[in-house]
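K.L.:
Residue strings, one per chain:
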Amino acid sequence: MSRLKDKVAAVGVGYSAIERTSSRSLGALTMEAIRRAVEDAGLAIEDIDGLATFPEIPVFGNPHVDGVDVVSTSYMVRMLGLEGRLRWHTQTDNLVPNTFIETANAVAAGACDYAVIFRAMHNPGGRYNAYTSNLAVGRHQFTAPYGSHRGYQYYGSAYQRYMHLYGATREHMATLILNNRRNAHLNPNAYFRDVPLTKEDYMNARMLADPVCLLDCDIPVDGAAAIVLTSGERARALPNAPAYVAGYGQFSSPSLSMGPPLEHLVEGATAVADRMWEAAGIGPGDIRLAQFYDGYSFFVYFWLEACGFCKVGEAFEFIQDGRIELEGELPVNTFGGQLGEGRLHGMGHLAEAVLQTSGRAGERQVRSVDATLAAVGPMNGGSAAIVFTREPV
Amino acid sequence: MAETGVSLPPLPVPDELTKPFWDAAREGRLHIQRCQACRRYYHPPQVICPKCVSSSLEFEAVSGKGTIHSFSVMRDQRVQGFEEKVPYITVLVELDEQPLLTIVTNLPDAAPEDVRTGLRVEVWFERLTDEITLPQFRLAR
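Protein chains in written order, with the working numbering: chain A, 28 to 420; chain B, 4 to 144.
If you're looking for bench data, these hints aren't it; they were derived computationally from the structure. Remember, predicted model here, so these are calculated numbers, not experimental data. Glycine included, every Cβ here is placed at the ideal spot set by N, Cα and C. Incorrect hints may appear among the rest.
Claimed, not checked - Just a few of them, taken from the derived set where beta-carbon distance is under 7 Å, the chain A residues facing chain B:
1) Thr-117
2) Gln-118
3) Arg-154
4) Ala-157
5) Asn-161
6) Leu-162
7) Val-164
8) Gln-168
9) Phe-169
10) Gln-187
11) His-191
12) Gly-194
13) Thr-196
14) His-199
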């Protein structure tokens, strides 16, 4: 069972502007997100004594220049003037929910009192994540020479297998895409807030790699978001209703096969979900709404099934008939997902879980949110899932 | 390449771990790494067997036969040297030797509408340079 109960809560959320290409530096956007999160929590920057991020830009060949295409913890410590105050900091690998988990444990252990987790994402322009070398070294040597590089090819192949095995179609997926977009219209931070989308738009969208079209892929943006964590006790003295961290699951071994094959994605997500339920001490029936990683749309199917909301091979039917809409039985990606909000690489899912649990999700707030979850990652290595509750039980 | 106006596909760079794979391919043979203790195959190759932690891993010839596990039809110009090849097929082939022993390949001779999950395929070899030959697959006859 979780050792975190009542010990850690999320108390503040902040976003920078999310733009396709910002005129401001990524460093400036990140400062904006952090300042807003700290202010939202009812704190001052001087109160922050813990800082963490996952700084990678998952784009081939990018230079990793601090403040330009990535933002490191040490860079932000200096920019925020926290050099003399910080008691704890880290950078993790393997996606931002793992950063969140590290930070929650640091707060629970008393390593810091008020910690900020941030994630900054840069859209470098041009053809996003194109393979631009005439050499293929390391892991690329078995893929790039075949013209295979992008996730929509290799994860898309797993989706192709899923469709083949269970009979899912692009028409089924349209329901998820449109649900995301409707929710994005209610999210002031969302890149696609004011851009309408029809089923015909989805069905006619440009195919990138069959069966994946442009609208199955999240949109790369310049932007950042931040979340403030503190102890349960301190949280109760702050203005916002705390979102308590009830438990989490993390770590699944990366696939040893090329692909990775669908079967290994399912295995990885299931390992994470099982640990999450065990730690949180609750099950799918206790969850009011859920945020599932949608860097590619079909990841939502795999998470829904791995978390036990439906059986394997049934998610494409589960999402139909209004079930995942805001008024439905299990609202999904209530902020629009990163298909609707922009590619913050899972940070948006965590932020939305916090806001919904706290009852502060504005127009898109779902009623009676006792427990919610955010499951983030592409199933195999690096994925994690976190349960939040309104009460510190 | 900017000088010639011709964009070349990424050329594999063999390393300590993968050299035997590419050496065999140059000779027209598909060799896959296998743990000599537990007999499990690995692709991509490993330093230590992740199942039995033996360091005794050798490359062995395999049949070159397998099944289409899944595939994708790439229509986007996103890989250098493949700009003029779109649409092209990338396939995950499950080799006969072991469940989920998979290899990424193309099916250069097949049309997208001819490809289906579960079809049988077999290896052939595409010579790229004096040093590098690429294992490729085609639909089995």
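K.L.:
Is the interface hint satisfied for A/His-199? The criterion is a beta-carbon contact with chain B at less than 7 Å.
P.N.:
violated, 18 Å
K.L.:
Does A/Arg-154 pass the interface hint, meaning its C-beta sits closer than 7 Å to a C-beta of chain B?
P.N.:
Holds - the Cβ of A/Arg-154 comes within 7 Å of chain B, reaching about 6 Å at its closest.
K.L.:
Do the numbers back the hint for A/Ala-157, that is, is its least Cβ distance to chain B under 7 Å?
P.N.:
With Cβ-Cβ at 5 Å, under 7 Å, it holds.
K.L.:
Would the hint on A/Asn-161 stand, with a C-beta cut-off of 7 Å toward chain B?
P.N.:
With Cβ-Cβ at 5 Å, under 7 Å, it holds.
K.L.:
Verify the interface restraint on A/Gly-194: the C-beta must sit less than 7 Å from at least one C-beta of chain B.
P.N.:
With a minimum Cβ separation of about 13 Å from chain B (threshold 7 Å), the hint on A/Gly-194 is violated.
K.L.:
Mind checking the CB of A/Gln-168 against every CB in chain B and telling me if the closest is under 7 Å?
P.N.:
holds, 4 Å
K.L.:
Does the nearest C-beta of chain B fall within a distance shorter than 7 Å of the C-beta of A/Leu-162?
P.N.:
Because about 5 Å separates A/Leu-162 from the closest Cβ in chain B, which is inside the 7 Å limit, the hint holds.
K.L.:
Using the nearest Cβ pair, does A/Phe-169 come within less than 7 Å of chain B?
P.N.:
holds, 6 Å
K.L.:
Less than 7 Å between beta-carbons is the criterion; does A/His-191 satisfy it with respect to chain B?
P.N.:
holds, 4 Å
K.L.:
Can A/Thr-196 be said to touch chain B, with a Cβ gap under 7 Å?
P.N.:
Because about 15 Å separates A/Thr-196 from the closest Cβ in chain B, which is outside the 7 Å limit, the hint is violated.
K.L.:
A/Val-164 was flagged as interface toward chain B. Is the shortest Cβ-Cβ separation under 7 Å?
P.N.:
Since the shortest Cβ distance to chain B is 5 Å, the answer is holds.
K.L.:
Is the hint on A/Gln-187 kept, meaning its closest Cβ partner in chain B is under 7 Å away?
P.N.:
holds, 5 Å
Of the hints listed earlier, those the structure fails to meet are numbers 1, 2, 12, 13 and 14, in rising order.
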